[in-house]
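Knowing the structure of chain A, use the given hints to seat chains B and C on it.
Protein chains in written order, with the numbering used here: chain A, 1 to 311; chain B, 1 to 311; chain C, 1 to 311.
These aren't lab readings, by the way, just hints derived from the structure by calculation. Take these hints with a grain of salt, some might be off.
Chain copies aren't distinguished; within one or between two, either way the pair holds.
[Stated by the list, open to error] Under the rule of at most 27 Å between Cα atoms (straight-line distance), these lysine-lysine pairs were calculated in the BS3-like manner: (1) K125 / K262; (2) K9 / K39; (3) K39 / K125; (4) K287 / K118; (5) K151 / K287; (6) K255 / K287; (7) K151 / K262; (8) K125 / K153; (9) K125 / K287; (10) K125 / K151.
Given next are the chains, with one letter for each unit.
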Amino acid sequence: MGAHHLEFKGRDIISIEDFSQAEINHILNVTAQMEPYAKGGSDLLKGKILATLFFEPSTRTRLSFETAMLKLGGSYIGFAEPDVSSARKGENLADTIRTVENYADVIALRHSLEGSAKLAAEFSKVPIINAGTGAEEHPTQALIDLYTIRKEKGKLDGLKIALVGDLRYGRTVHSLAYGLAKYNVELFLVSPETLRMRKDVIQGIKNRIPVAENVNLEKIIPQLDVLYVTRIQKERFLDAAEYAKVKGAYRVDLKAIEKAKKDLAILHPLPRVDEIAPEVDNTPQAKYFTQVWNGVVVRMALLSLVLGAVS
Amino acid sequence: MGAHHLEFKGRDIISIEDFSQAEINHILNVTAQMEPYAKGGSDLLKGKILATLFFEPSTRTRLSFETAMLKLGGSYIGFAEPDVSSARKGENLADTIRTVENYADVIALRHSLEGSAKLAAEFSKVPIINAGTGAEEHPTQALIDLYTIRKEKGKLDGLKIALVGDLRYGRTVHSLAYGLAKYNVELFLVSPETLRMRKDVIQGIKNRIPVAENVNLEKIIPQLDVLYVTRIQKERFLDAAEYAKVKGAYRVDLKAIEKAKKDLAILHPLPRVDEIAPEVDNTPQAKYFTQVWNGVVVRMALLSLVLGAVS
Amino acid sequence: MGAHHLEFKGRDIISIEDFSQAEINHILNVTAQMEPYAKGGSDLLKGKILATLFFEPSTRTRLSFETAMLKLGGSYIGFAEPDVSSARKGENLADTIRTVENYADVIALRHSLEGSAKLAAEFSKVPIINAGTGAEEHPTQALIDLYTIRKEKGKLDGLKIALVGDLRYGRTVHSLAYGLAKYNVELFLVSPETLRMRKDVIQGIKNRIPVAENVNLEKIIPQLDVLYVTRIQKERFLDAAEYAKVKGAYRVDLKAIEKAKKDLAILHPLPRVDEIAPEVDNTPQAKYFTQVWNGVVVRMALLSLVLGAVS
Numbered sequence: 001m002g003a004h005h006l007e008f009k010g011r012d013i014i015s016i017e018d019f020s021q022a023e024i025n026h027i028l029n030v031t032a033q034m035e036p037y038a039k040g041g042s043d044l045l046k047g048k049i050l051a052t053l054f055f056e057p058s059t060r061t062r063l064s065f066e067t068a069m070l071k072l073g074g075s076y077i078g079f080a081e082p083d084v085s086s087a088r089k090g091e092n093l094a095d096t097i098r099t100v101e102n103y104a105d106v107i108a109l110r111h112s113l114e115g116s117a118k119l120a121a122e123f124s125k126v127p128i129i130n131a132g133t134g135a136e137e138h139p140t141q142a143l144i145d146l147y148t149i150r151k152e153k154g155k156l157d158g159l160k161i162a163l164v165g166d167l168r169y170g171r172t173v174h175s176l177a178y179g180l181a182k183y184n185v186e187l188f189l190v191s192p193e194t195l196r197m198r199k200d201v202i203q204g205i206k207n208r209i210p211v212a213e214n215v216n217l218e219k220i221i222p223q224l225d226v227l228y229v230t231r232i233q234k235e236r237f238l239d240a241a242e243y244a245k246v247k248g249a250y251r252v253d254l255k256a257i258e259k260a261k262k263d264l265a266i267l268h269p270l271p272r273v274d275e276i277a278p279e280v281d282n283t284p285q286a287k288y289f290t291q292v293w294n295g296v297v298v299r300m301a302l303l304s305l306v307l308g309a310v311s
Numbered sequence: 001m002g003a004h005h006l007e008f009k010g011r012d013i014i015s016i017e018d019f020s021q022a023e024i025n026h027i028l029n030v031t032a033q034m035e036p037y038a039k040g041g042s043d044l045l046k047g048k049i050l051a052t053l054f055f056e057p058s059t060r061t062r063l064s065f066e067t068a069m070l071k072l073g074g075s076y077i078g079f080a081e082p083d084v085s086s087a088r089k090g091e092n093l094a095d096t097i098r099t100v101e102n103y104a105d106v107i108a109l110r111h112s113l114e115g116s117a118k119l120a121a122e123f124s125k126v127p128i129i130n131a132g133t134g135a136e137e138h139p140t141q142a143l144i145d146l147y148t149i150r151k152e153k154g155k156l157d158g159l160k161i162a163l164v165g166d167l168r169y170g171r172t173v174h175s176l177a178y179g180l181a182k183y184n185v186e187l188f189l190v191s192p193e194t195l196r197m198r199k200d201v202i203q204g205i206k207n208r209i210p211v212a213e214n215v216n217l218e219k220i221i222p223q224l225d226v227l228y229v230t231r232i233q234k235e236r237f238l239d240a241a242e243y244a245k246v247k248g249a250y251r252v253d254l255k256a257i258e259k260a261k262k263d264l265a266i267l268h269p270l271p272r273v274d275e276i277a278p279e280v281d282n283t284p285q286a287k288y289f290t291q292v293w294n295g296v297v298v299r300m301a302l303l304s305l306v307l308g309a310v311s
Numbered sequence: 001m002g003a004h005h006l007e008f009k010g011r012d013i014i015s016i017e018d019f020s021q022a023e024i025n026h027i028l029n030v031t032a033q034m035e036p037y038a039k040g041g042s043d044l045l046k047g048k049i050l051a052t053l054f055f056e057p058s059t060r061t062r063l064s065f066e067t068a069m070l071k072l073g074g075s076y077i078g079f080a081e082p083d084v085s086s087a088r089k090g091e092n093l094a095d096t097i098r099t100v101e102n103y104a105d106v107i108a109l110r111h112s113l114e115g116s117a118k119l120a121a122e123f124s125k126v127p128i129i130n131a132g133t134g135a136e137e138h139p140t141q142a143l144i145d146l147y148t149i150r151k152e153k154g155k156l157d158g159l160k161i162a163l164v165g166d167l168r169y170g171r172t173v174h175s176l177a178y179g180l181a182k183y184n185v186e187l188f189l190v191s192p193e194t195l196r197m198r199k200d201v202i203q204g205i206k207n208r209i210p211v212a213e214n215v216n217l218e219k220i221i222p223q224l225d226v227l228y229v230t231r232i233q234k235e236r237f238l239d240a241a242e243y244a245k246v247k248g249a250y251r252v253d254l255k256a257i258e259k260a261k262k263d264l265a266i267l268h269p270l271p272r273v274d275e276i277a278p279e280v281d282n283t284p285q286a287k288y289f290t291q292v293w294n295g296v297v298v299r300m301a302l303l304s305l306v307l308g309a310v311s
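The following block holds chain A by itself, in its conformation from the complex (with noise of 0.2 Å):
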């Protein structure tokens, strides 16, 4: 890693874990830098072309990743779906990648198998990004967290976080939980017992930062500085019942935060379905649709530093 340190051409994002605390300021750094292009557009990257290769349908990661691509002058080329995918016919995703990297310059994979972004890249000539993948990684979704609570609150140093809602299964927390860690914030999880966060990961992080488990949003909710919400996903559950019977648990609605402090950050890596009650939306809180935008310019960076056009 030392040789590579805060070299990103060429390189590939597949897990936050791969990136020091300083590379990850670099990221934050240039992604501010490309707000004013994400407003108006530039040509960093013409000629240029993003494949988005989703095995895994998800609308909205795929336009964030295309729209990144032609803020910045490039263009895309990609599939949404699996089954439209070559790997109807069989083709494994090594064949896939040595044909996809003749045709793109950076390649955005989504994928439900553990471990295939880090397949992908060792065989692909051309950058890898983690679209999300498995269970366990979503790396460009972590960025845009602690990008949008930098933006927020002005600093990640000190902060107090709530982790609510499905700890287990969702990957986007597993990955926000390793980026988190190497801050110095303090750390509250929230959510039922059949979703807590998994011991492994409790493990990783509670070694580097204070981490308080099993946690009851209302007593803790004055003190904190950003609460982060998550999806209970029912595509996670094999029992229905038992889906239903979390799905409305942990719920945040307006007397949830009543007594949360005015600047308090509210983030979701959205969709939502019932996880933040409508009546939220409309609070200076509440800040998931902003970190929709930030999911642009943070991917702006992203393709801008692996493609070598900033550094």
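Same frame as chain A, now just chains B and C:
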């Protein structure tokens, strides 16, 4: 509406009824100005992004919008199928819009739900263009029809126009009827019993223009200036037998137009199935493929207007 | 054909049989000229639009065409799946073409029906490029194969070439056989009994070049210059047991090429399943991923030629 008169920047295109005759005339005039750009390209919307959100598939309309944007030097993102979108994860339309407004400068929305474009416009910071919603509204198609008629006949006022086929379930025919009612035309309705235009629609236009219901096409054809044929859509029928019965009825072939004026203009919003015989395609009266070209030009005008590139 | 000699502007690319050796040589020469544009980009087709109409999914071919257009400074519209198209509403191909010709400057068509590209060309005002139709024609793949062979071996005439695998159902192998028959090559056919090349195809090429049927690969391998392997496509079999039986047969692994020339070129149209062992990928003889790159360059040449940007 007064203050907005002839001001299009930032406006939504939801319903043909939202526009005065003066405003529609202005759109048609701007469309005429777009013809050279449609042929030779332009950079009028360079750096701008259109999102085509098609919750209901319509290749024709989607490609028409995307082509319009490309010919203006802009680019597009989007999806063509509902199941590719976050909707599958339970997200509501308002959240989708508040997400996509961070990606795109203008949104074209196709949706099966009545009122969805209006709802989207309430939440969106960027202009919404209704690309077909519910069974009622398809304002851009109506503008295309009006532009085609004006281009072919040199005027709208004073024309005798027959609407033929499915006048009950087709959304284009509703928007067109309301659009035509803003001009001094005479309308003839030709349809099977079960597919007659709804009473409330007829009432809405009868106050403004003469409407002859339950017309026999053979009798009226010699005096017509415009023959507007619509597809009898299988998917609107619950009963297959009922569909089979009316499918072949009111078919336009060479015999049907034998006594028509030489400069009759035959229009159809397409796709057609059996309503117009292929033998009609080569007659000088067939204008339904010209209509497709006009579709691109009209949408170029609308995109340019709502984005403030022309006024 | 005489008048069209070396004149490509406005021409359709339907079948490899429509082109003389001189014309194919010209395409391959123009392809070679495109290599720097493929690497560095160009504005040769700025403002031009390609429509990729894929009624049958083929991610690889679709992305290759779209990449080719982007690298020439153009853009694309299209669909990747039959059910997304108006075809679902019962529209016929002729109407689809007469619609899309109003959107695009050139159309790449993929369709399961024999003769569909020819039909499309009859109705279209803009050039049609056959991107794979029926079981017979895939002319752009044949041109890619010819270009790859010429690039790797420096020539086409005088080469000994084996076609291995499914020679009956694969459309690429038919187009390639007809293409090779225009040159002075020696052909060896290697396939299971049930997948032998059809009699009429063999007859068509046997008149022009020497063809050895029912060849044993092991015996012939030492003299080969090119080994062209094809996928045994599951979807071509009605009987799963039959598929299982031939699937593993005629597999190319390190042992199979042990006695091959050092400069043997192994080609495959991809995607592959089991026909070539992964261990072969790292041999200097493996050229099937180079073929993918060549695919983009050949399609750049074809788009530029039929749009009259080069001659």
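Here is how each hint holds up against the structure:
no. : hint        : in the structure
1   : K125 / K262 : between (48 Å within a copy, 25 Å between copies)
2   : K9 / K39    : both (24 Å within a copy, 18 Å between copies)
3   : K39 / K125  : between (31 Å within a copy, 14 Å between copies)
4   : K287 / K118 : between (32 Å within a copy, 25 Å between copies)
5   : K151 / K287 : within (11 Å within a copy, 49 Å between copies)
6   : K255 / K287 : within (18 Å within a copy, 61 Å between copies)
7   : K151 / K262 : within (16 Å within a copy, 59 Å between copies)
8   : K125 / K153 : between (39 Å within a copy, 25 Å between copies)
9   : K125 / K287 : between (37 Å within a copy, 16 Å between copies)
10  : K125 / K151 : between (34 Å within a copy, 22 Å between copies)
Against the hints set out earlier in the document, no violation occurs for any number.
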